[in-house]
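Line order of the protein sequences matches chains S and A. Residues in the first sequence are numbered consecutively from 77, following the working numbering. Residues in the second sequence are numbered consecutively from 681, following the working numbering.
Warning: the hint list may mix true and false statements.
[To be verified] With a straight-line Cα cutoff of 20 Å, these simulated SDA-like cross-link-like pairs (lysine to any residue) come out: (1) A:Lys864 / S:Leu145; (2) A:Lys864 / S:Pro150; (3) A:Lys864 / S:Gln232; (4) A:Lys864 / S:Met154; (5) A:Lys864 / S:Leu149; (6) A:Lys864 / S:Phe147; (7) A:Lys864 / S:Glu197; (8) A:Lys864 / S:Phe258; (9) A:Lys864 / S:Leu162; (10) A:Lys864 / S:Pro163.
[To be verified] Rough simulated footprint, nothing fancy, chain S against chain A, three-plus residues with beta-carbon under 8 Å: (11) 756-769; (12) 818-824.
To be clear, the hints were calculated from the coordinates, so they are not data collected in a lab. Note that CB positions come from ideal geometry on N, CA and C, so glycine has one too.
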Amino acid sequence: MHWTEYLPPLMQGAWVTIQLTFYSTLLGGLLAFAAGIGKISSNWAIKGVSVAYIEVFRGTSLLVQLFWLYFALPIAGMAIGLDLRLPPVVAGVLALSLNIGAYGAEVVRGAIQSVHKDQHEAARALNFTPRQTLWTITIPQAIPEMMPSFGNLAVQNLKDTALVSLISLGDLTFRAEQIRNFTQDSTTIYSMLLVTYFGMALVLTAIMRGLEAYVSRWRVARS
Amino acid sequence: MLFGYEWDLSSPLAFALSILPILLTGMIVTIQATVLGFFVALVLGLIWAVLKSAPSRFIAWPARVVTEFIRDTPLLVQLFFLYYVLPEFGIVLPAFLTGALALGIQYSAYTSEVYRAGIEAVGADQREAARALNFSGTHTFTHVVVPQAIPRIIPAMGNYLVSIMKDVPVLSVVTVLEMLNVAKIVGDRTFDYLVPLSMVGALYLIMTLVASAGVRLLDTWLPKQGIPLK
């Protein structure tokens, strides 16, 4: 088999990897905001849940989380009489976004806390409610601070999607494995695989830089 | 039965307790892979850092491209690459060594940045002061820059040690019998994945909490003004 014949199945897998990265980064971003804001909440129940979520998912391995959702959760469901068998794609997206969300939550918390105290005092002086202060004063200023770290996390997430091939999801790595099993041409196929991931990471980095410039545009206008 | 330990399926608690020694056997392999991988990452990262700061750009540029490539490609794929491609060139390593090497290579891209950042964080005024005192370049580096860079480098390296530990389960795909792989085998044989995999999660949580506490403790102990090389 000529190496160009590997391209169609690899591109098919690359498309699955792109979709996985997109959905899990998006969902992970939402979780990051929820848990990051939850961690600095004054409500102890919300704070407790957020801290527990962040610690559990940052403290364990992604592969353990993935296997737990895919292999162990159905058995837990059976014990309580529910059908919790997840299709590989759901388990994959869920594990990836829960994992990246926990890391992102710390970024969100850090960025929110880095907003200057004067801003809070000014908001209070203007009679803003805490909720208004958070959404209209703190978060808009915190988002540009988060973006460099979010860019790194997005690339991390892209790399982590390779693990879903282990629960038989047909991503880029899975397709490459299939071709290798068929042709035994390890050197070519894995070199192509590495280069494809590298290319995708470069594109993702460029997209995240663009996004960073977009959310920071008011900073340029101000100075 | 695995590694000579029988399991007791009479109740989830009894099952959990009976497989604990089996999982601890796997945990030892996890720790060994972590330590070896970390060592490779420390040494290789230092080599990258030196090459990247080389005065000649024919050395610095390729080193930068290589580390960027390593950083942007998944550990799993690098592991497959080492495991299946190296033998084609006559280099046959045991799965454990290949795995530790893959971990070390992946994280060397990160540690090289830690070295660079640690050295750059030492202010230019320090170098100027050393020059004013007529220190030679080598003397400035070994007696002024490095002692002050070390307390900045060690905590960051500690965080990567914890990250490496969390990536060890990936080695299970090349048959390394680390903790997750052992739990998976127990699950395959008993048809109960819930208890073994939850146990692995809990053990991981304990391991990372202990390691993170150790890193924090180290951070408070390290003298901020620097560690003299004697």
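Structure-based check of each hint:
no.	hint	in the structure
1	A:Lys864 / S:Leu145	holds, 13 Å
2	A:Lys864 / S:Pro150	holds, 15 Å
3	A:Lys864 / S:Gln232	violated, 25 Å
4	A:Lys864 / S:Met154	holds, 19 Å
5	A:Lys864 / S:Leu149	holds, 14 Å
6	A:Lys864 / S:Phe147	holds, 9 Å
7	A:Lys864 / S:Glu197	violated, 54 Å
8	A:Lys864 / S:Phe258	violated, 26 Å
9	A:Lys864 / S:Leu162	holds, 18 Å
10	A:Lys864 / S:Pro163	holds, 19 Å
11	756-769	holds (count 8)
12	818-824	violated (count 0)
In this structure, the earlier hints numbered 3, 7, 8, 12 are contradicted, and the remaining ones agree with it.
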